[in-house]
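Colleague: On the provided structure of chain A, position chain B as indicated by the hints.
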Amino acid sequence: MRFLIIIALALGLLTGKVTGQESAGTPLDEVSFFMTFVPNVQFSPVYVAEAKGYFAANGLSVTGDHGDEPVGVDLIAAGERDFGLVSGEQVLAARANGRPVISVYEWFQQYPVGVVYPEGGDINTVPDLAGRNVGIPGRFGASYSGLTALLDAHGMTEQDIDLEEIGFNAPEVFCAGGVEASVVYVNNEPIQIAHRAEQGDCGEVTSVGVFRVADAVDMVSNGVVTSEARVTENSDLVRRLVTAFDAGLRDVIQNPAEAYILSADFVEGLPLSAELHAALEAAAAEQTAYRGANPDASREEIAAQRVALLESLQSEFPSDELVQFEVLLSTIELWDADRLGYADPESWATTQDVLLEMGYIPRESDPSEAFTNDFLPE
Amino acid sequence: MAYGALFMHLSDLTRRTAMVRAQHETPAEPGHRLHVPRLRWLIPLLAFLGFLLLWEGVVRLELYPAFILPGPGAVAERFVQVVGDGTLWPHLTTTLTQMLLGLAIGAPLGVLMGVLLAKSRTLEALISPIILAAQSTPVVAYAPLLIIWFGSGITSKIIIAALTVFFPMLMNTMVGIRNVPQSRRDMMRLFNATPWQTFWKLEFPASLPVLFAALRVSVTLAIIGSIIGEFISASSGLGYLIKLARDRYDTPLVLVAVVVLAVLARLAYWVVTVIERKVIRWQRTG
Numbered sequence: 001m002r003f004l005i006i007i008a009l010a011l012g013l014l015t016g017k018v019t020g021q022e023s024a025g026t027p028l029d030e031v032s033f034f035m036t037f038v039p040n041v042q043f044s045p046v047y048v049a050e051a052k053g054y055f056a057a058n059g060l061s062v063t064g065d066h067g068d069e070p071v072g073v074d075l076i077a078a079g080e081r082d083f084g085l086v087s088g089e090q091v092l093a094a095r096a097n098g099r100p101v102i103s104v105y106e107w108f109q110q111y112p113v114g115v116v117y118p119e120g121g122d123i124n125t126v127p128d129l130a131g132r133n134v135g136i137p138g139r140f141g142a143s144y145s146g147l148t149a150l151l152d153a154h155g156m157t158e159q160d161i162d163l164e165e166i167g168f169n170a171p172e173v174f175c176a177g178g179v180e181a182s183v184v185y186v187n188n189e190p191i192q193i194a195h196r197a198e199q200g201d202c203g204e205v206t207s208v209g210v211f212r213v214a215d216a217v218d219m220v221s222n223g224v225v226t227s228e229a230r231v232t233e234n235s236d237l238v239r240r241l242v243t244a245f246d247a248g249l250r251d252v253i254q255n256p257a258e259a260y261i262l263s264a265d266f267v268e269g270l271p272l273s274a275e276l277h278a279a280l281e282a283a284a285a286e287q288t289a290y291r292g293a294n295p296d297a298s299r300e301e302i303a304a305q306r307v308a309l310l311e312s313l314q315s316e317f318p319s320d321e322l323v324q325f326e327v328l329l330s331t332i333e334l335w336d337a338d339r340l341g342y343a344d345p346e347s348w349a350t351t352q353d354v355l356l357e358m359g360y361i362p363r364e365s366d367p368s369e370a371f372t373n374d375f376l377p378e
Numbered sequence: 001m002a003y004g005a006l007f008m009h010l011s012d013l014t015r016r017t018a019m020v021r022a023q024h025e026t027p028a029e030p031g032h033r034l035h036v037p038r039l040r041w042l043i044p045l046l047a048f049l050g051f052l053l054l055w056e057g058v059v060r061l062e063l064y065p066a067f068i069l070p071g072p073g074a075v076a077e078r079f080v081q082v083v084g085d086g087t088l089w090p091h092l093t094t095t096l097t098q099m100l101l102g103l104a105i106g107a108p109l110g111v112l113m114g115v116l117l118a119k120s121r122t123l124e125a126l127i128s129p130i131i132l133a134a135q136s137t138p139v140v141a142y143a144p145l146l147i148i149w150f151g152s153g154i155t156s157k158i159i160i161a162a163l164t165v166f167f168p169m170l171m172n173t174m175v176g177i178r179n180v181p182q183s184r185r186d187m188m189r190l191f192n193a194t195p196w197q198t199f200w201k202l203e204f205p206a207s208l209p210v211l212f213a214a215l216r217v218s219v220t221l222a223i224i225g226s227i228i229g230e231f232i233s234a235s236s237g238l239g240y241l242i243k244l245a246r247d248r249y250d251t252p253l254v255l256v257a258v259v260v261l262a263v264l265a266r267l268a269y270w271v272v273t274v275i276e277r278k279v280i281r282w283q284r285t286g
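Which chain is which? The protein sequence lines are A and B, in order. Residues 1 to 378 (my numbering) make up the first sequence, in order. Residues 1 to 286 (my numbering) make up the second sequence, in order.
For reference, chain A alone in the conformation it holds in the complex (with noise of 0.2 angstroms):
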């Protein structure tokens, strides 16, 4: 097992090395940093960070690869990565059997699972799910932590709902008619669905509406992932990774047109035609520009920026063309925060609950010892 991990490794730094950098004379530190699904727009933090430096200005040198969540955590646990973008209710699991990992950097603050359904039809609230048939890519995972909780939250449980396996297919699946509503990330699929209604490529579904579990419960999200000795024996990496990561993020959150165009060179096939480039550049110009002449404005002045970034782009281009930005404009609602990074207590103790509802931890423990806040930048 160990060579196959030897291998995958090898395979990770041949295929997944982000950056080939060295600063002036110093030497970086190797990290080795894992993700989830394939490489994605929504990962475009640790693209910035890496693309701008921010992690070389640290003294780090990241290797980044992608694979199953479960397997990436029993790898950090092992020691086999040094850190990871994993959701909350993966490393409360994992801890409950035994793997000693830990959240230090809270990346989503809210919850990114919700439940689509087509407007103007019988479904408008979440006890209309009643008796439907509702889909869900498995039996684990956020996406069914997050119906758990959602149904919870209304006095449902599974049993009033009809529940269907359907894999990673909602889009397919909900716009075939296969479903009549569906678990999604509420930052994605929707997206896409919306998209394909709007082509009239969606069957009758014309527009779509999404119940959100962070609107019912709090409960914790995606951070970046680090074993226990991690922690102990090097914290001075840890908060510099920590360091790097938040600056990638603020730069993302703050002018995602220039967060686009550099997470183009980490993913393969992102939209970008040679007329959206220059539009985004023109855009991450003047973002730039107003944040020098903003340095102090607030998070509902960018948020502003973004919509009206978006509008003028949608007045531009085509949807489709813009579907990916759409992702990563929807994504960022879902990191922004007063205080980045930062790990309520009460979100990682609503989660276990949830989980020992489930049956999918087997005990409870102190839940504050999944997470830490000691290493957010100042």
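There could be a bad hint or two in this list.
[Claimed, not checked] Pair by pair, the computed Cβ-Cβ distance ranges are:
| hint | chain 1 | residue 1 | chain 2 | residue 2 | range |
| --- | --- | --- | --- | --- | --- |
| 1 | A | ALA176 | B | PHE48 | 24 to 30 angstroms |
| 2 | A | ASP353 | B | LEU145 | 37 to 43 angstroms |
| 3 | A | GLY131 | B | ARG281 | 34 to 40 angstroms |
| 4 | A | ASP353 | B | GLY84 | 46 to 52 angstroms |
| 5 | B | GLY84 | A | ALA349 | 32 to 38 angstroms |
| 6 | B | ALA141 | A | ALA176 | 17 to 23 angstroms |
| 7 | B | GLY84 | A | GLU378 | 40 to 46 angstroms |
| 8 | A | GLY155 | B | LEU49 | 53 to 59 angstroms |
[Said to hold, decoys possible] Covered by chain B, per the in silico footprint, the following chain A stretches (three or more residues, Cβ under 8 angstroms):
| hint | stretch |
| --- | --- |
| 9 | 92-105 |
| 10 | 124-133 |
| 11 | 162-172 |
Calculated from the structure, these hints are not laboratory results. Note that beta-carbon positions come from the ideal geometry of N, C-alpha and C, so glycine has one too.
Modeller: Same frame as chain A, now just chain B:
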């Protein structure tokens, strides 16, 4: 699993080669041959015990954390637990059902298409490019589409299992029928046999050894196909159980499901071998 199937296939080839060689070699003295069959049953048992000892040794040396590689004792304990509380059975029966139905659909269709292609060069020229293209595309690449088209229930898994079985059966049927010696065909022609008689009395029986060899591989492939489907989207089955156990960081349960799958594959292989011995006894006896 794929390696398991390949290994079984290679073992089978080795066994057959040994049989052919034995037919051409000078028979050993009767006294020398007596001990071998008596001890042969011990060999796999010793190999299995050796494997368990090696596994336990690696665990005791603590080369890996227990959450990555639990010992055989922990896995056995989990096995007893999931058998006792009834967790395992629904998953086992789901995979078994998918595998058997996939085999029942894919194997006859493969044989039928193989016969048609073996008989008609025109049909072969027409269809073989498509078949070659489909055969060389791993089913896992298009399995997600099958799940979307046929739903996440048992139907899509049966279709995936049937597809994994279909191509080896088809190719081996073609090979089996076309390898019938020309002299025997001439003999049938001499007796004014009809095409159906030639097929039924000569070509089909003559290709049975090849067909059974394909069937032995196909039963394990049907399990692989079923597991592929369960990995993509399912609510039951051993593949789903593995996925669920991984998601819950229950490594002993992952290994329980893997071992059960291996045993299932070995049993299915053995059943086909037994049927083969019964059906084509005539060939062995000469």
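Colleague: With a Cβ-Cβ cutoff of 8 angstroms, does the stretch 162-172 of chain A contain at least three residues near chain B?
Modeller: holds (count 6)
Colleague: How does the Cβ-Cβ distance of GLY84/B and GLU378/A compare with 40 to 46 angstroms: does it lie in that range?
Modeller: Distance hint for GLY84/B, GLU378/A is violated at roughly 55 angstroms.
Colleague: Starting from the hint 24 to 30 angstroms, judge whether the C-beta atoms of ALA176/A and PHE48/B obey it.
Modeller: violated, 48 angstroms
Colleague: Take the C-beta atom of ASP353/A and the C-beta atom of GLY84/B, compute their distance, and say whether it sits inside 46 to 52 angstroms.
Modeller: At roughly 29 angstroms between Cβ atoms, GLY84/B and ASP353/A fall outside 46 to 52 angstroms, so the hint is violated.
Colleague: Regarding GLY84/B and ALA349/A, is the given constraint of 32 to 38 angstroms on their beta-carbon distance met?
Modeller: With Cβ atoms ~34 angstroms apart, the hint holds.
Colleague: Lying within 34 to 40 angstroms: is that true of the beta-carbon distance GLY131/A to ARG281/B?
Modeller: violated, 58 angstroms
Colleague: Between GLY155/A and LEU49/B, does the beta-carbon spacing fit 53 to 59 angstroms?
Modeller: Between GLY155/A and LEU49/B, where Cβ atoms are some 56 angstroms apart, the hint holds.
Colleague: Given the hint of 37 to 43 angstroms, is the C-beta distance from ASP353/A to LEU145/B inside that range or not?
Modeller: Distance hint for ASP353/A, LEU145/B holds at roughly 39 angstroms.
Colleague: For the hint 17 to 23 angstroms, verify it against the beta carbon of ALA141/B and that of ALA176/A.
Modeller: Roughly 21 angstroms apart at Cβ, these two residues keep to the hinted range, so it holds.
Colleague: When I compare C-beta atoms, does the stretch 124-133 of chain A have three or more residues closer than 8 angstroms to chain B?
Modeller: Since 0 is below three, the answer is violated.
Colleague: Three residues minimum, CB to CB under 8 angstroms: does the stretch 92-105 of chain A make the cut for coverage by chain B? Let me know.
Modeller: Our answer is that it holds, as 6 residues pass the Cβ test (under 8 angstroms) against chain B, meeting three.
In summary, the numbered hints that this structure violates are 1, 3, 4, 7 and 10.
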